[in-house]
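Participant: Next come the chains, spelled out residue by residue.
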Amino acid sequence: MITDIAIVKCPFCKRITRVPRLYAPSLKGIKKIAVNHDDHFLIIGFDKYGVVRYYDVFKKIEFVRIGDNIKIACPLCGRSEFIDKNITFDRFSIDHGDHVLLVYKVGEKLEIEIINVVRQVYSVPRHNMIKKILRYISRKEFAYIIVEMIRNPNSDIIVPQNIYEDVKFVLKKIFGNASNIKVGYSKKTVNSIPLDFIESKISEVEDLSDEEAISLIQDTIELITSLKDSIVKIRKLYGINEACKYLFQLEKTNLSLFKLINDIVRIKC
Amino acid sequence: MPMKRVKVAFAGDAGVGKSSIIMKYLGFKDISQIKKTRGVSIENAKYSGIELIIWDFSGQEHFRDIIVPFLNGSNIVVLVFDLSEAKTLYNLVTKWSNYIVELLGPDIPTVIVGNKRDIKNLSDDFINENLKELKAKLNVVSYIETSALSSDGIDSLFENLFEIAQTINI
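Order-wise, the sequence lines are chains A and B.
Under our numbering, the first sequence is numbered contiguously, ending at residue 269.
Under our numbering, the second sequence is numbered contiguously, ending at residue 439.
There may be inaccurate statements among the hints.
What the hints assert, rightly or not - Here are the simulated lysine-lysine pairs, BS3-like style, with alpha carbons at most 30 Å apart:
hint: 1; chain 1: B; residue 1: K315; chain 2: B; residue 2: K305
hint: 2; chain 1: B; residue 1: K305; chain 2: A; residue 2: K48
hint: 3; chain 1: A; residue 1: K60; chain 2: A; residue 2: K32
hint: 4; chain 1: B; residue 1: K304; chain 2: A; residue 2: K245
hint: 5; chain 1: A; residue 1: K236; chain 2: B; residue 2: K304
hint: 6; chain 1: A; residue 1: K172; chain 2: A; residue 2: K32
hint: 7; chain 1: A; residue 1: K245; chain 2: B; residue 2: K315
hint: 8; chain 1: A; residue 1: K48; chain 2: A; residue 2: K131
hint: 9; chain 1: A; residue 1: K85; chain 2: A; residue 2: K60
hint: 10; chain 1: A; residue 1: K268; chain 2: A; residue 2: K245
hint: 11; chain 1: B; residue 1: K305; chain 2: A; residue 2: K236
hint: 12; chain 1: B; residue 1: K404; chain 2: A; residue 2: K85
hint: 13; chain 1: A; residue 1: K31; chain 2: B; residue 2: K389
hint: 14; chain 1: B; residue 1: K364; chain 2: A; residue 2: K228
hint: 15; chain 1: A; residue 1: K48; chain 2: B; residue 2: K389
hint: 16; chain 1: A; residue 1: K268; chain 2: B; residue 2: K276
hint: 17; chain 1: B; residue 1: K356; chain 2: A; residue 2: K14
hint: 18; chain 1: A; residue 1: K131; chain 2: A; residue 2: K259
hint: 19; chain 1: A; residue 1: K259; chain 2: A; residue 2: K245
hint: 20; chain 1: B; residue 1: K276; chain 2: A; residue 2: K245
hint: 21; chain 1: A; residue 1: K48; chain 2: A; residue 2: K59
hint: 22; chain 1: B; residue 1: K305; chain 2: A; residue 2: K228
Keep in mind the hints are simulated off the structure, nothing from the lab.
All chains should be built: construct the whole structure from the sequences, respecting the hints.
Facilitator: Here it is in structure tokens:
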């Protein structure tokens with residue numbers, strides 16, 4: 001089941017933005033729309049399943065016809081624009097009402113992309129499943145459950161009765177299987193550092209719609225799995241010292257992720 | 270004689286077709302089945318005493334800070350853009366080339382690949398202007414247009430990579 005409205009957070013102004021969901025044709029990759037955010041446009045890209053896969057922000061620019069200009073005509077409505085010749089390197093947007101021109105200017109050359117502008121939907125805010133779960137357990141506890149699903153996918157994971165159905169639903173969406181989720185009271189103590197990375201991703205998705213929230217958590221899990229697989233492959237190809245070199249690199253970039261991966265691959269550097 | 274191992278990094282925005290190019294070369298027929306890369310994926314290709322260890326880097330912005338440091342130690346860089354998306358070429362000039370210079374220096378042999386030639390809609394003028402910028406920043410040794418869908422240019426790209434690998438001292 002997929003909802004009609006996608007909820008995303010503008011990376012520039014942090015505004016929560018609700019837009020009707022679109023579906024990209026399967027061969028073309030991404031279907032883009034633009035949302036007017038006053039001094040900038042939020043560009044949102046949907047994949048063939050209608051899930052937001054991309055967003056970007058373009059500042060809005062209005063040119064006046066003075067000085068050296070390059071004249072262009074909008075391929076959609078024909079309106080003329082005069083773009084400052086002195087801009088040698090920039091990307092910006094020009095508002096044409098129901099559509100927007102995204103302009104990439106490099107040297108004297110430019111490329112234009114036209115994107116349809118859609119209106120935001122103003123509906124009653126609805127909490128996503130993850131936010132519902134977080135009413136009963138902390139982010140850290142939920143991060144622990146996710147990490148356990150990665151580390152020990154075959155062992156039982158205990159969750160309280162009142163969130164059992166929701167946790168099972170979300171984890172089934174993320175991992176494809178959640179038959180190891182059981183009702184009970186967990187007394188396990190949690191080492192927080194390896195959880196920080198997942199915890200930060202959980203807080204990032206709290207305000208999004210279910211589809212986008214689950215998709216970002218899935219991406220995070222796949223990132224962890226791919227890093228784990230790469231470290232194992234490097235060890236096989238080049239030996240333990242080289243694998244450790246990459247692990248140390250990870251330690252410098254993200255301590256929590258390093259601890260988590262090291263916990264899974266169990267290499268003694 | 271031991272195999273000469275050369276680390277080749279494929280980088281560029283998400284969705285430009287990096288994995289499709291690599292998998293097509295490795296004999297994968299149906300590229301529509303290829304999943305998007307999250308993080309990194311490592312493949313290898315051998316030819317005449319040379320083993321290319323191909324690192325396919327995810328283009329996702331969410332995780333770029335985590336992924337980019339893994340470029341370290343690369344011997345050849347392949348920067349891929351989509352011939353139908355101006356943004357992906359613009360980002361090679363404004364973002365990816367900076368990561369390369371910062372981590373590997375400006376002298377690392379770099380191949381620029383314009384993929385999706387079958388749906389190319391960027392003007393040659395715009396491409397050339399961007400290539401000029403890239404050449405000013407990086408050691409661009411070649412520019413190749415490919416189509417992972419029709420296999421156009423894929424073999425030439427890898428022949429080129431093996432040739433460059435031969436000239437590298439490791």
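Participant: Look at each hint and say if it fits the structure.
Facilitator: Consistency of the hints with the structure:
no.	hint	verdict
1	K315/B / K305/B	holds, 24 Å
2	K305/B / K48/A	holds, 13 Å
3	K60/A / K32/A	holds, 17 Å
4	K304/B / K245/A	holds, 28 Å
5	K236/A / K304/B	holds, 24 Å
6	K172/A / K32/A	holds, 29 Å
7	K245/A / K315/B	holds, 24 Å
8	K48/A / K131/A	holds, 26 Å
9	K85/A / K60/A	holds, 17 Å
10	K268/A / K245/A	holds, 12 Å
11	K305/B / K236/A	holds, 24 Å
12	K404/B / K85/A	holds, 23 Å
13	K31/A / K389/B	holds, 17 Å
14	K364/B / K228/A	holds, 26 Å
15	K48/A / K389/B	holds, 21 Å
16	K268/A / K276/B	holds, 24 Å
17	K356/B / K14/A	holds, 22 Å
18	K131/A / K259/A	holds, 26 Å
19	K259/A / K245/A	holds, 14 Å
20	K276/B / K245/A	holds, 15 Å
21	K48/A / K59/A	holds, 27 Å
22	K305/B / K228/A	holds, 17 Å
In terms of the numbered hints stated before, the structure departs from none.
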